[in-house]
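Modelling step: build the complete structure from the supplied sequences, incorporating the hints.
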Amino acid sequence: MEKPVSIKDNAEDYQDLKRAVSLLESPSLTARLSGLLGSPIESAVKALPNWVSGKINGAVVAALHTSADAALWSLENTPKKQASTLLHKVYAATSGAVGGAFGFAALFVELPISTTIMMRSVADVARSEGFDLEDFATKQACIEVFAMGGNSQADDATETGYYITRSFTTQAMQQLSKELAAIAAKQGAGAAGRLSPGQVGKWLALLIEKVASRYGVTISSKFAAQAVPVIGAFTGATINALFTDFYQDMARGHFIVKRLEHKYGFEQIKGEYAQILGRRLAG
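The sequence shown begins at 18 in my numbering and counts up one residue at a time.
Take the hints with a grain of salt, since some may be wrong.
Dumping the calculated SDA-like pairs for lysine to any residue here, alpha-carbon to alpha-carbon at most 20 Å [unchecked claim]:
{"no.": "1", "residue 1": "K98", "residue 2": "E29"}
{"no.": "2", "residue 1": "K287", "residue 2": "A222"}
{"no.": "3", "residue 1": "K35", "residue 2": "I181"}
{"no.": "4", "residue 1": "K97", "residue 2": "R276"}
{"no.": "5", "residue 1": "K63", "residue 2": "L53"}
{"no.": "6", "residue 1": "K35", "residue 2": "E289"}
{"no.": "7", "residue 1": "K63", "residue 2": "G166"}
{"no.": "8", "residue 1": "K97", "residue 2": "F153"}
{"no.": "9", "residue 1": "K72", "residue 2": "E226"}
{"no.": "10", "residue 1": "K63", "residue 2": "G52"}
{"no.": "11", "residue 1": "K35", "residue 2": "A291"}
{"no.": "12", "residue 1": "K97", "residue 2": "A154"}
{"no.": "13", "residue 1": "K35", "residue 2": "D266"}
{"no.": "14", "residue 1": "K72", "residue 2": "H82"}
{"no.": "15", "residue 1": "K97", "residue 2": "G52"}
{"no.": "16", "residue 1": "K25", "residue 2": "R36"}
{"no.": "17", "residue 1": "K287", "residue 2": "Y180"}
{"no.": "18", "residue 1": "K63", "residue 2": "H82"}
{"no.": "19", "residue 1": "K227", "residue 2": "F153"}
{"no.": "20", "residue 1": "K35", "residue 2": "H279"}
{"no.": "21", "residue 1": "K97", "residue 2": "E278"}
Read the hints as simulated data drawn from the structure, not as lab findings.
Right under this line is the structure:
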């Protein structure tokens, strides 16, 4: 049976793409946090102690490195299995409550735990969309989700927020990909398309560095909101549940788009995505 030439020939796939656009172009995580707290979060972020702001990026990089492996290894590789979205929110809320109750020191201890829970939740969504958790590309796509803080007014109006974020990570990876491909070619035909552990590590380190610069912004907001001990316990639980829900939505949209790109091609899906978004904004 031939594949449909156009996604519009398949009503179910087209509805999936519309759902992905709705999820991926929803209000940013910072906007959702401001709505939860009843006031803009930016002023609270500026009030963070300098030592906290200085440690956040390093902590985020370490948390992403740790969570990427732990999260995928903890799930059975059974593509199409339904995702356990509620269970991960409960785990994240519990982690946030503990971290929020004891102030800044505990927040740095809690960060890798909550990031691993969220990464596991993202991988769970990827698996439910039919992706192979043992595929390096799936691991890369799971990490990319954490660069998605939502659409931004700073984004180029000729592009969409989601595809801007995709290009943010892929541009950096393209150059490294060429370097690694050249190394593989020198190693002979048997090594072509296969990365050594050292090459994989170099690839992931660069990707995580890029993603951390964006994920760190949302983590700063989380720290600011949980700054007050005891009061922060309730806030921590609520914020972690909000974070997990947000990244589950981003993951669902991201892996729907990638699944459809595999089926219909990158350019067609990107074009249809832009048309659907244009109609949403016009409406």
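Run the structure past the numbered hints and jot down the numbers of the failing ones, going up.
-> 2, 15 and 18
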